[in-house]
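Engineer: Protein chains in written order, with numbering that gives the first Met the number 0: chain Z, 0 to 238; chain L, 0 to 254.
Because the hints were derived from the structure by calculation, they are not lab data.
One thing to keep in mind: the hints can contain errors.
Which stretches of chain L does chain Z cover? Using the computed rule of at least three CB atoms under 8 Å from a CB of chain Z, they are [what the hints assert, rightly or not]:
no., stretch
1, 134 to 145
2, 151 to 158
3, 200 to 206
Under the rule of at most 20 Å between Cα atoms (straight-line distance), these lysine to any residue pairs were calculated in the SDA-like manner [what the hints assert, rightly or not]:
no., chain 1, residue 1, chain 2, residue 2
4, Z, 121, L, 202
5, L, 77, Z, 18
6, L, 135, Z, 103
7, L, 75, Z, 54
8, Z, 99, L, 140
9, L, 136, Z, 102
10, Z, 86, L, 29
11, L, 251, Z, 84
12, L, 140, Z, 95
13, Z, 88, L, 147
14, L, 135, L, 125
Small disclaimer: the values here were computed from a predicted structure and weren't measured.
No residue lacks a Cβ here, since even glycine has one placed at the ideal position from N, Cα and C.
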Amino acid sequence: MNNNFILKVKNLNVELDNEKVIENLSFEVKKREIFTILGPNGAGKTTLFRTLLGLIPYQGEISWEKSHGYPQGPKIGYLPERLSRSKFKELPISVREFFKFKESPDEKISEMLKSVGLENSKILEKGPGVLSSGQFQRMLIGWALIGNPQVLLFDEPMAGIDIGGEETIYSLLHKFWKERNLTILLITHDLNIVYKYSTNVLCLNKKAICSGPPREILTPENLESLYGTEIKFYKHTHT
Amino acid sequence: MSQFILSLITAIFIGGVAGYLGSLMLTKRMALVGGPLGHLALPGAALALLYSFNIFWGALGTIVIGAIIIWLLEIKTKLPMETLTGLVFAAGVALSFLILPVSQAEEALIGDISKIGLTDTILAVILGTIVFLIIKKIYSKMILSGISEDLAKAEGVNVKKYNLIYLASIALIVALEVKIVGGLLTVAMLVIPASASNNFGKTLSHYSFGALTIGIISAIFGILLFKLVGFPAGPLIILSETLLFLISLFFKRKS
Chain Z
0 MNNNFILKVK NLNVELDNEK VIENLSFEVK KREIFTILGP NGAGKTTLFR TLLGLIPYQG
60 EISWEKSHGY PQGPKIGYLP ERLSRSKFKE LPISVREFFK FKESPDEKIS EMLKSVGLEN
120 SKILEKGPGV LSSGQFQRML IGWALIGNPQ VLLFDEPMAG IDIGGEETIY SLLHKFWKER
180 NLTILLITHD LNIVYKYSTN VLCLNKKAIC SGPPREILTP ENLESLYGTE IKFYKHTHT
Chain L
0 MSQFILSLIT AIFIGGVAGY LGSLMLTKRM ALVGGPLGHL ALPGAALALL YSFNIFWGAL
60 GTIVIGAIII WLLEIKTKLP METLTGLVFA AGVALSFLIL PVSQAEEALI GDISKIGLTD
120 TILAVILGTI VFLIIKKIYS KMILSGISED LAKAEGVNVK KYNLIYLASI ALIVALEVKI
180 VGGLLTVAML VIPASASNNF GKTLSHYSFG ALTIGIISAI FGILLFKLVG FPAGPLIILS
240 ETLLFLISLF FKRKS
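With the sequences and hints as input, model every part of the structure.
Structural biologist: This is how it looks when you write it as structure tokens:
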């Protein structure tokens, strides 16, 4: 495989309950990209992620780059959709114990929490369910990042976060992306975020509708054919 | 060894391990998977009494068959767990009342510790210890898959395999429980200590250890009360657990 690519998907077909969810999808992700998958509800975005993780059967080709030291493919940090605080409220569990699922030593956990901006020493003993929504999201990002993954798969990580908090979280993610040589695959509905951070976009509605850098492909015509209705989106000309 | 000591040791091991195992039932999904198995013990106990063999084997037999049915139904139909639970529970109860001799109904329903022998105690100690060690090993993986199955799978947890181990453990413990609390109260012995401990504990380790402890204390308390007042031990153990649960309400963590 060309060294520049970390993921190549060719003629991917996925069926769930005898229904085609993904049809003949082909795309490539280069190293160090922030690759966004855009599409309406039910377009197969989450299914695509689950397929890439090897959680559901598929036809076609998915090849992750196998590099020296990672013969099984790159290490992946994953945040599924709908991982809400309320899930954690059902359980008496501390932040430390949640991180221990990844078998990390205490110092690494504290270090990670610090770098996502959760410096309070008491946070380790708190329950994830009692954190504020912003803190909770930071904690999840830290969780995904612990163990130094090379690729992040984030499925609508900011659902339920207010606009101000969302911006902070994305800039945090952007900071990690710059520092750590990461490749990020992201599912989001927020076109502003896509426009601001994405290096490449795949518009998905069972099959690929369009793909390319956001500036080129986020046109009213493309968005209309993707979502089926007129989407008003104003390009920011200043950067 | 006196019969009293035998039943005390048996109750301590089963009560403790049931409490610990039950602490995995806290997430909705796990409770729904484990709950119906408890109800499947009743027809097995009834069969065993009818043909006079050890009710442990009777209960285990019907639970295992039931567990396999539930497991296959879940994979096959993808129906909501509530629906399958209702189906299996109703079938179990209907079957029991069809075959249960009225004279032996009490033992099948609420247990009889005076029937506990040395074999039962040895079985309880060995199986209880094995189940405890296995659950301890897979505990955090089970909790993670309770939070999010996809997250657990992405971390390399074989969710199907662990679910099966979890179900097998419940089957064993429930079958052991029937001797002490009967076929009707088995689920309570799994669920109440965990519910009480959930109010005391703030971390997983406190919580799971708490459930184990509450299970043991209630077992001792119930058996001692039985010795003192002569009421059946099974209901006394469950009532002790309930009392501890009521006390735990005063300690409820705020979240």
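Engineer: State for each hint whether it applies.
Structural biologist: Hints versus structure:
{"no.": "1", "hint": "134 to 145", "verdict": "holds (count 5)"}
{"no.": "2", "hint": "151 to 158", "verdict": "holds (count 3)"}
{"no.": "3", "hint": "200 to 206", "verdict": "holds (count 7)"}
{"no.": "4", "hint": "121(Z) <-> 202(L)", "verdict": "13 Å, holds"}
{"no.": "5", "hint": "77(L) <-> 18(Z)", "verdict": "15 Å, holds"}
{"no.": "6", "hint": "135(L) <-> 103(Z)", "verdict": "19 Å, holds"}
{"no.": "7", "hint": "75(L) <-> 54(Z)", "verdict": "18 Å, holds"}
{"no.": "8", "hint": "99(Z) <-> 140(L)", "verdict": "10 Å, holds"}
{"no.": "9", "hint": "136(L) <-> 102(Z)", "verdict": "13 Å, holds"}
{"no.": "10", "hint": "86(Z) <-> 29(L)", "verdict": "13 Å, holds"}
{"no.": "11", "hint": "251(L) <-> 84(Z)", "verdict": "19 Å, holds"}
{"no.": "12", "hint": "140(L) <-> 95(Z)", "verdict": "15 Å, holds"}
{"no.": "13", "hint": "88(Z) <-> 147(L)", "verdict": "13 Å, holds"}
{"no.": "14", "hint": "135(L) <-> 125(L)", "verdict": "15 Å, holds"}
Checked against the numbered hints given earlier, this structure breaks none of them.
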